[in-house]
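On the provided structure of chain A, position chains B, C, D and E as indicated by the hints.
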Amino acid sequence: MPAKVSQKKNPKRNPLGKVFAGNIGALAVGLKYFFDPNRITLLYPHEYIKLNKGYRGFIVLIKEKCISCSSCARICPAAAMRMLSVKVYNEKLKKYMIKKYPVINYNRCIFCGLCVDVCPTEALYHVPYHDIVYENMNDMILSLEDFQKEPENIEFKEGIPVKYYFDERRGLVKTPYMEELEKRNEKEEKNQKVEGEGEKGAS
Amino acid sequence: MNPCYYACYIVYKVIVYDIIFYPPVYQFLIIPGLITAIIIAIFIIWFERKAAAYVQMRYGPWEIAPKIGGATQLLADLTRYAMQEIITPQTVDTLQYLLAPIVMVVLALLPLEAVPLTSVKPYFPIPSGYSLLVAVAFTTLSPLFITMMGWASNNKFSITGSVRESFMITSYELISVLGLLTAAAMTRSYDLVKIVNLQMSGKWLGLINPIALFVVFIAVLMSTSGFPFEIPESESELVAGPFTEYSGLLYGLNMGGAYIRRWVFSILITLVFLGGWAPYRPTPGVITGYLIPSLIVSLKAVVIMGIMSFLRSVYGRYRLDQALGIAWEILIPLALLAFGIGLAEAYFGII
Amino acid sequence: MISLQDMIKEALGNNIIKIEDNKGYIDVVVPLEKLKESAIKVKQLGFDHVKSVTAVDYIQKKQFMVTYHISSYLNEELSRHVLGLSTFIDRDNPHIPSLATIWTSAEFQEREVYEFFGIIFDGHPDLRLLLLTPVVAALKPLRKDFVVKEDSINIEVDYAAYNATKWW
Amino acid sequence: MGSDNKEKKEERLNLLYGDLDTVAKMAKESLIKGKIAKMVDWATSFSLWPVHLMTSCCGCEIGAAWGPRFDNERFGSLPWVSPRQTNLIIVEGTITKKMACTLRIVWEQMPYPKFAIAMGSCALDGGIFYNSYNIVRPWQVIPIDIYIPGCPPRPEAVARSIIELQKMLKNKSLASKWILESKREDKKYIIPKEDLCGWRGEKVDLTTRYD
Amino acid sequence: MEAGTASSGSGIHLPGMEIAKASKNRYEVMIGPAHPGSGHMRIFVEVDGDIMVKVDPDIGFVHRTMEKLAEGREWIQNIPLFERIAILDACNITLPYVRAVEKLLGIEAPERARYLRTLLCEINRVASHLYGMGIFGVFLGHSTLYMWAFGDREVFIDLAERLTGARLTHTYPVFGGVRRDIPDDFPEDARKATRYMRKRLNEYAKIFLNNPNIRSRLENVGVLTKNQAAELGLVGPNIRASGIRYDVRLNEPYEAYGDVDFEIPVFEEGDSLARAWARVEEVRQSLNIIDQVVTWLEKHPRENFMHEKFWKTAPKLYKDVYEGKISYSPKYRIKLMPIFASLKVPPGKSFARVEAGRGEIVYYVESNGDIFPYRVRVVSPSFRNVIAFKYVMPGHRLMDLPAIYGSFDYFPPAFDR
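Quick mapping for you: the protein sequence lines, in order, are chains A, B, C, D and E. Going from the first sequence to this note's numbering is simple: count from 1 and add 1128. Going from the second sequence to this note's numbering is simple: count from 1 and add 57. For the third sequence, position 60 matches number 42 in this note's numbering, and the numbering has no gaps at all. Going from the fourth sequence to this note's numbering is simple: count from 1 and add 87. Going from the fifth sequence to this note's numbering is simple: count from 1 and add 5.
Bear in mind the hints are in silico, worked out from the structure with no lab data behind them. Treat the numbers as computed from the prediction; the structure is a model and nothing was measured. Accuracy of the hints is not assured; some may be wrong.
To be verified - Under the rule of at most 25 Å between Cα atoms (straight-line distance), these lysine to any residue pairs were calculated in the SDA-like manner:
1) K1140(A) - R289(E)
2) K70(B) - T345(B)
3) K1178(A) - S332(E)
4) K317(E) - P1248(A)
In isolation and in its complexed conformation, chain A is listed as follows:
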């Protein structure tokens, strides 16, 4: 079915209705939300959104899987990823060989995910967080070692994870993401058992 054209007009009101009904309607809606605020705010440092697995956040390299094909660097629209030549000892041939690994510069990265999608061996993956800030631009140019580590995320330490779900009446509604919390609590308990009583104050 192709689209249809529907002819419409600005809604018209008689002068009296314009003054009274309009004002009262606006005030009523305002008062309704004043007394029943539909607050969707994320209290950020105390809560953070547990992003889905598919979120295109910071990128991590799995060095073992990399086959030095340079696809990621070639497809990068911002030239944020480049190939760094590294001498690697080859066990079979028993000699040093030059191999290329990608390094990334977050000063330029636009998080389009093309590098991850084009990698033929899945040697790159996204971590689902994206809220790290830096005081220094040089910190954002990662070395090969840093590129293999997942960047440290502060939000885990400061807040609890929440998830937003859709609601017909309220739009987005947030709830604490219990699974994640339980997982984390278990981890903490384990840590405490291992490390003993001394660390209790810190948590």
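Structure of chains B, C, D and E alone, referenced to chain A:
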């Protein structure tokens, strides 16, 4: 006795009892003057932001003091303003530029000199049979200095803003004067004490003559550039209107000035239309004669300010010619109508 | 129904150098002298606005191609098609009659082409720079002889000497 | 010793004559000490008002960051209209050569203590437009305190940058020091204003980068 | 003919700042570029009393030279590049480029991909209109509308994020298909979101469009007749508010728009209020389309959302990724073949147009058979709307400037490119 001690005692006594507790000074500086006005402004700006945040599905100022909903937010803002650099651009008229905000704030508080907050005579600031007239006359002074600020700033936006402000002054002044003087016609008196005393029986003038109250309410919104009449400093075309060039403490004064004016007007409205300290009857004594009635008046005034602040979250702003049209074509006939109704009610002895 | 191509052939007559059905639009090439005349004729057919004014720099042929992509709003039959009215001009002396007086919608776009290619639209009501500062516009950035360098993807250094800041 | 005494004497004399500069300096020094300095830092950190300077497309995420879901007004930060009353610039993305002059002028119009956040990869190293002929890097124009990577960064990252800036303010007491010294030593401009607004820039080494 | 570009005179001369001599009683106000009412542009307004006499938009403050950069980048790298024209409408903005290149390649996306593109396009359209309404609200001093619109926009941004993995810059359509399929719980969420939004639109009307205060600002302000709108070549809801029946979705249906059932709202008045209402009605229609598309996607099997040519050659790992067998990988994600990194497109010229949120966006793509495009010409909706300021604003009052400006739903990065 040590003469030095004696001298100190006398000085202390003079300063405390004869100067600070001299009603005009006390009223100007403490209740309901400067200090109370600042506290009220802090509260009401916080409330304005919070109320807007409630309507707008969010929290508003919060992190600064989570337990009390961020109520200390404005303290931080004021401290920041007070400590920031005060920039005096090269092109401004320096003396006017620096003096205008200060004079504006001082003059904004001047009407309080004529406003009695109790019916007990020793606590009147200036006992006068024409206190309503004097107060109304004083309210018209401070807006002139807003116009002056814009002129002294020597900035196109500022000047346009101050021209708009002067347009607004000429239109709202007549309305508020007409509206407030309706009370005089109804009560056959210019004396605020008498006007309040007549309302003690529960017949508040605002209830008897709601049109006059409505007209004055709108006129106050216009005069203090509250929404939907926030025209002189409408940000989407005039940046900050007359205040565009002001920074630091001077801007803090400006920001407070509008709220102080609104506060003074709210007290006037309370006294004239909402029964002042009714239903409480003051008796001699500082607490029962002055503090309790002024507290009642302040509470009522705060409610009025709260309603004015709430309008921000519902309305946008009118165009200048539309606002002036509302003033001249709708509100002035309404004010005249209210005046007529007041006269009729007075004639038939309803009041 | 006659097809659009026939309609245009009929209207423009022997002004047409070449007419071809490109992907998504019908391209009509007219000589430079006949451009304004053809534009008026095309407008009479009902093409009432310009969608885009494009210039392409063929540096080897020493030519610019200027294309007006035009279509119609008021005539619903024509609005399904896009017509490209193209002409070739000399690269060394880029002058072209302005069509902004015929279609007002071309005004800003011609200004843009003027600043990016240095093509001068004769008779344009208000030929000024639009987007760029004078210094940048003097480079005529969209011409092919203004080359923007892309970074290479390789870091030609061994790992130990990799100094992060230097290579970006 | 002798010269010291002389200076002190001069200072006293200046005081006596009512030299306003000396008095203002002394008053400032006595004010900005201990508790008051801490209070200034506290107040500034909870009153970071960004100026309305939408430079590029990250502006949409700024809108979202001050919108209801992420609501940065919780931190006491209120987007304000006139640069004279604000103390924070958020550079939202690309700064073109046409805009750079504006950015510098806005920065100069703001009263100190003032801070800057660069948002988005375009504001760091050009991002996807790294080799464009019409952009400059914002850190060449104004001193930047915090960098946010991403294109565009999430609104949480903007909130994070404000939190970090608050921490920086409190730990390093940037605001009170700035008020005391009337200037900030650790940040400086790279491109002089004449070059920015006149588009010459021949003498400037644009490859330098400070941190 | 370099006149008017460089004026050599005494005093400081700032770029782009041509100071015209003002006559008596007139003065010039510069709105922008760092001005709350201008966004990323500058408007020279010559004011006679309170009436605007001459308005000259000075744009280019966000000109990021995309057309030039595109000539040095590979075909696929240009998708994220052109996305930055208007990131809040990312899918609509890149789609015509993808379609133009597909025309050159001689391929067409499979049906499921076409529906997925339609879905994201409509989600973006809703988000874009809400953004425009929010900015409009702020221009008229109505902060609540701004907050509401941005809050409800989050609903649709969240939907898009679940679909593509990014809030705004989706980079979703690629040549021959799309990059991801919908997650399993997506249809239900989308339906809830549309139901919620329909209810909210009524409240928007109550607090904003039917509010007498706002109505009086918008009615009979910035009136454009049908012929004027056509002459100026405006696009999008702005012309449909003036009574022109033009919508690319109607006149040249692309993707799945020929198969879904929806209406094109056309208004007659042509004033600012009609333009605002046109957007609200369009949001309603977009919600209908989202519902229909989601239902279609639910019914049909999940395969073939990449063109056969590319998908057939995929090795096993690619299918593992699609099924979500790799732990850190999202389900239903498609991997791009390395061929995309150096794709050669046959020579030719092509032209594509798409109805983006703000109006029609037009791409002219020329290839000479290389791995780079020879020339890409983009004419974004805002660029065609900006001319309206020059011709519509004069004669109105200075305070009408934001009312007209906002009603055209400008987005400066879009016209600067």
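For each hint, the structure was consulted:
1. Of the supplied pair hints, the one linking K1140(A) and R289(E) holds, its CA atoms being roughly 20 Å apart against a limit of 25 Å.
2. For the proposed pair K70(B) and T345(B), the alpha carbon gap of about 23 Å is at most 25 Å, so the pair holds.
3. Between K1178(A) and S332(E) the CA atoms are separated by roughly 17 Å; this keeps the pair inside 25 Å, and the hint holds.
4. A threshold of 25 Å between alpha carbons decides the hint, and for K317(E) with P1248(A) the separation of about 15 Å falls inside it, so the pair holds.
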